[in-house]
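Two chains, two frames, a set of hints: combine them into the complex.
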Amino acid sequence: MKRPVRLEPGQKLVLTANRLLDGRTVWWGADGTWDLHIGRASLLDAEDADAVLARVVAEAQRDGVVGVYDTAVQAAVPPEPVTVREKIRAHGPTVHPEFAVETDQ
Amino acid sequence: MSLPVGHYQYDRIDRDFLQARIAEFEGQVQRRLDGTLSEDEFKPLRLMNGLYLQLHAYMLRVAIPYGILDSRQLRRLGEIARRYDRDYGHFTTRQNIQFNWIRLEDTPAILRELAEVDMHAIQTSGNCIRNVTADEYAGAAADELVDPRVHAEILRQWSTLHPEFTFLPRKFKIAISGSPNDRVAARFHDIGILARPGEDGAPVFRIFVGGGLGRTPIIGEELFDSVREEHLLATLEAIVRVYNAHGRRDNIYKARIKILVQAIGVEAYREAVEAELAQMNLERYRLTPEAVAAIRSRFAVPLLEAPADADAVLAEQRRADPIFDRWVRSNTHVHRDPGHIIATISLKPAGGIPGDATSAQIGRLADLADAYSFGEIRITHLQNVVLGHVRKDRLRDLWLGLAEVGLAEANIGLIGDIVACPGLDYCALANARSIPIAQKLGARFADTALQAEIGALRINISGCINACGHHHAGHIGLLGVDKRGEEFFQLTVGGRAENGAAIGTILGAALPEDETVDAIARLVDCYLGRREGGETFLDTLTRLGHEPFREAAYETV
Ligand code: HEM
Ligand code: SF4
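Chains as they are written, first to last, in this note's numbering: chain A, 11 to 115; chain B, 150 to 706.
Isolated chain B (complex conformation) (with noise of 0.2 Å):
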């Protein structure tokens, strides 16, 4: 049998295994179904199985490890939106995908034909270790020293099921990227991980801890500069001994690791975290380089072959048409092998839904992932979706193939690129809706070429403080908030996710949501009148101060 190209091949033990859950879940609905168990009973075993209840249906969340799927699983997901959804899925800021219209019922049935592509919703809620997220270029980006993923599938076996972390104070999520440039926000998480190549040959790991979102937005602290591999586990294991050990339990507001770090200080943190791998048994956690090679092993590597004019006909093809042109300035990155380029696919059209996908793009991204990239997709951390290697002078194809489903914009990176949770549209959380804000902006920067002018500017909106928009890391994040049952938004400005992390500054009292929009305006249009060279909204931001931004935004005619 011929390998997954991009994720780990499943054994026995992960079918089985897999099975068994099921056989378990489908028990417990049948026994919340004749009353034998009682709600507050059975809420957090449907969570355990990634089952939420929302606001007009279940919402499932279905993992996607490191958030590499083959082409199969993808279609298998397009098939579970239309047969028991409303024929779409929301891909999430944490390389994952929900369904929002799920039934009780039915949820056995869709966890077997997950379970048949290798696929499971175990571990997308509770207070575990989450489906732990990577890179989304790895193992393509020209500028990547450490392909992160064999690491990030240690991590899962690592932690899925983990006996002694399965109640953990809070949830806790793990992020990893082998990249100089940060594109995992390894900085916003419980445990943030950067691998480099050690002196050598094997990684070695840099880790951040206690970075987060949420009530409390805090960055991570660098706990460790060079883990070297053998230890990578050990230490970890380590890390989260002594948070489950020592978080707060009495208060879920301050029960994040981060909470933690910050109260005792990262050195004492340390200093714990020695002292617990000075009386573990190392051995026991040992990553020996056969392990890792064994792992490896299971993963499949693209034969990347590609004609020696592939670079000439791509450049050609540019020059012939501007529009593609545009297209392959803001939605590539440059691919280790000179042949081929990674293609990231917009899931942001202009006015829609930020994250969306219909079963039938989604089937399609399916058949082209088999026609250009190895059958191989990528979810990514700000809701699009990746194909990691296409060779240059056939991108001109797949984009014209993109096209034909509305997946064509051209807007990475840019101020169209909104990345947006669900808010109160479906979120039972939610104190104002997230995605008609993000619509409204979609549709005002609608301009492909004024998006270009505008350059790299990204706009997060969460719905409420939980911030699974990631407003505080937002260049411009929207936070919704709830005054006298009418939805307002805050603003912050000059946040920002990768490489120098930062935390938005908050302008000033919440505008009414139908200000919003114009606010926001206003204050692109004082970075484009005030912008020197090619400095892009954050530069002018850091030049200016917020100042002449905070003026803007609530200068009113």
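Chain A extracted, bound-state conformation (with noise of 0.2 Å):
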């Protein structure tokens, strides 16, 4: 169900799933490894998305991760999603800042 990606100037896309074994949210690092910190995150051009999200797809199992997609975000440090259903998923529930992923950087 993928649709076409369009992004605004100054977005880029990440990609982010949830771990396996504890379902935490992850995103996508540049070294191959997914972290729970959005700043960690590596930026991609839409078109080069397609063929990073298919690899790391057909990584997910090895790694650890499940339903992997991209995400449109503000390219900005740390970026920042889009929508506001990606910025509870990078931030943790907004009715509990004590269980707010830190953003330590």
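Hints are computed from structural coordinates only; laboratory data are not their basis.
Be a bit skeptical, because a hint or two may be false.
What the hints assert, rightly or not - In the DSS-like style, the derived pairs of lysine-lysine whose C-alpha atoms are separated by at most 30 Å in a straight line are:
| no. | chain 1 | residue 1 | chain 2 | residue 2 |
| --- | --- | --- | --- | --- |
| 1 | A | LYS22 | B | LYS403 |
| 2 | B | LYS320 | B | LYS192 |
| 3 | A | LYS22 | A | LYS97 |
| 4 | A | LYS22 | B | LYS632 |
| 5 | B | LYS192 | B | LYS403 |
| 6 | B | LYS320 | B | LYS403 |
| 7 | A | LYS97 | B | LYS589 |
| 8 | B | LYS632 | B | LYS403 |
| 9 | B | LYS632 | B | LYS589 |
| 10 | A | LYS97 | B | LYS632 |
Here is the structure:
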């Protein structure tokens, strides 16, 4: 169910998934590892994303993640997801600040 | 061994089955972790055991049959929250509890801990007959005609692992009540059952089918007025068989029984059920008085003894303490025994998260249940907790104990008693967050005197069209929608789940999140300004129609 990606100026794509063992939200980094912090996510151009996504999906079982997909972010430091849903995935439930994923950089 | 008050005592068959099921699931988890099972293969298996994958973690939904727990079970839920989750649990509108931060690898251990206290997470998900819900005042309320728990238990046994009904077209929800005052939203269920005494003393059952919320809200229609007890199971079996055979499987949005009933009409549905009954072996499904008595004997009956002056003691305490009096007025219900009273404990503190309770609160509730209500606790379909049999002269002590853990909010049935689904803070299907808007509304109307002044007014909030927060059935309903990545809320008014069930009417275009609380405050002001005599919000709405409320909601200053 792949929708065509339309990025606004200043936006990039990142890959995200949930960890198989504990379900936590993770972001794909350039070194091929999955990290809890979106700050370490690798920023992809729309043209490259499909190929990288296919490769990462193929390795999902080995890497211990499920449900890999891409999502748009503002390409800042740290990158900030565009949708409310992905912001909440990146930072934790808004109603429990104590559970926020700390943004240590 | 003494029997639990309020729910059925498991026997060896139940316990052996749970152990076998956990061992099976543990093997499935192992095979998932080592890659033998793919996620696509594993997902339906974990869902059959109540395990969802949400935005931040796995979510485990634990069944609470007909919403009744004993203190040992509740205490265990608190321990699980502390040990395996983040120190809290969420009570839901289906009388279940959900844990939001579960690890897949811990799940078999959690299921073992649940099984030790005769609990599980089976049939809390998937296209099967889900946990049967029942009146939260069952066996206690003065207005009750028939205690629905015995039949709820019979339905639990009938529907658990029913081989024919494991892969229905879609999920299937049944609710049962034995009171003329519908406290289970009978007409918003796939099957709603209202029990009353029959002429020969055995109960008879009025059965509604095809109710539901979600994308297509529909009020259930009466299929049968008076099903005799001996034919209850045969009738239900036939109803579900007709659905299983003819319900749509090609389109998930058209798969619920409500769509089938609408498509063919309730008369045709009744004929199909009667045709099915005519060719069934009714003997096999006959519910004999002996079978019912055998189930009943596995429920303990509370010994309701109270001093003769219990009522007078309570009356005096209410006179002496207006704050206590206000809580008694909103949070209690008349018990069938004059020396006792039913206490509803609000899980809706002003500005808090509806339905959430910390491990400490859960543990304390278990202690208070032991001290004041025969160790029995009920979860309500409005995300609150009930102690069913409290001695009137001890009610104030209970209230003081509740206050120590922040559970003495006096708002049951009032505007602060908000029902909200998990929404976008947790739920993978959500369009908008339900909890923050509930918190803002709770804070806006925090004043308990103001709440009492406003009177009966129910707000229900869902984060998407699936309607887990029953927004269509709220006197004021809020539905979260996504407009270009922003959270908006659509307002409905006039819904109700109790007697005279109705689906709320949409007031107009959805409002941005930050304008929604003010719009609701204007709705409430409109009602307060125009009500006459002792009118409730719904009374005034019925008299005036929607227009004044629409104008108030969309008025811009
Ligand atoms: C957080 C994860 C949840 C998910 C993924 C979820 C999913 C869904 C879905 C897909 C539906 C629509 C079904 C249909 O119309 O065919 C639904 C309806 C419903 N859910 Fe949930 N839900 C969740 C949480 C809850 C909670 C916390 C409750 C409270 C117990 C709940 C109670 C209900 C109710 C009462 C309905 C309406 C039943 C009806 O349509 O007749 N759900 N849910
Ligand atoms: S109504 Fe929607 S957002 Fe709320 S819990 Fe149900 S599926 Fe999730």
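- Query: Which hints from the list above does the structure break, by number from lowest to highest?
  - Reply: 1
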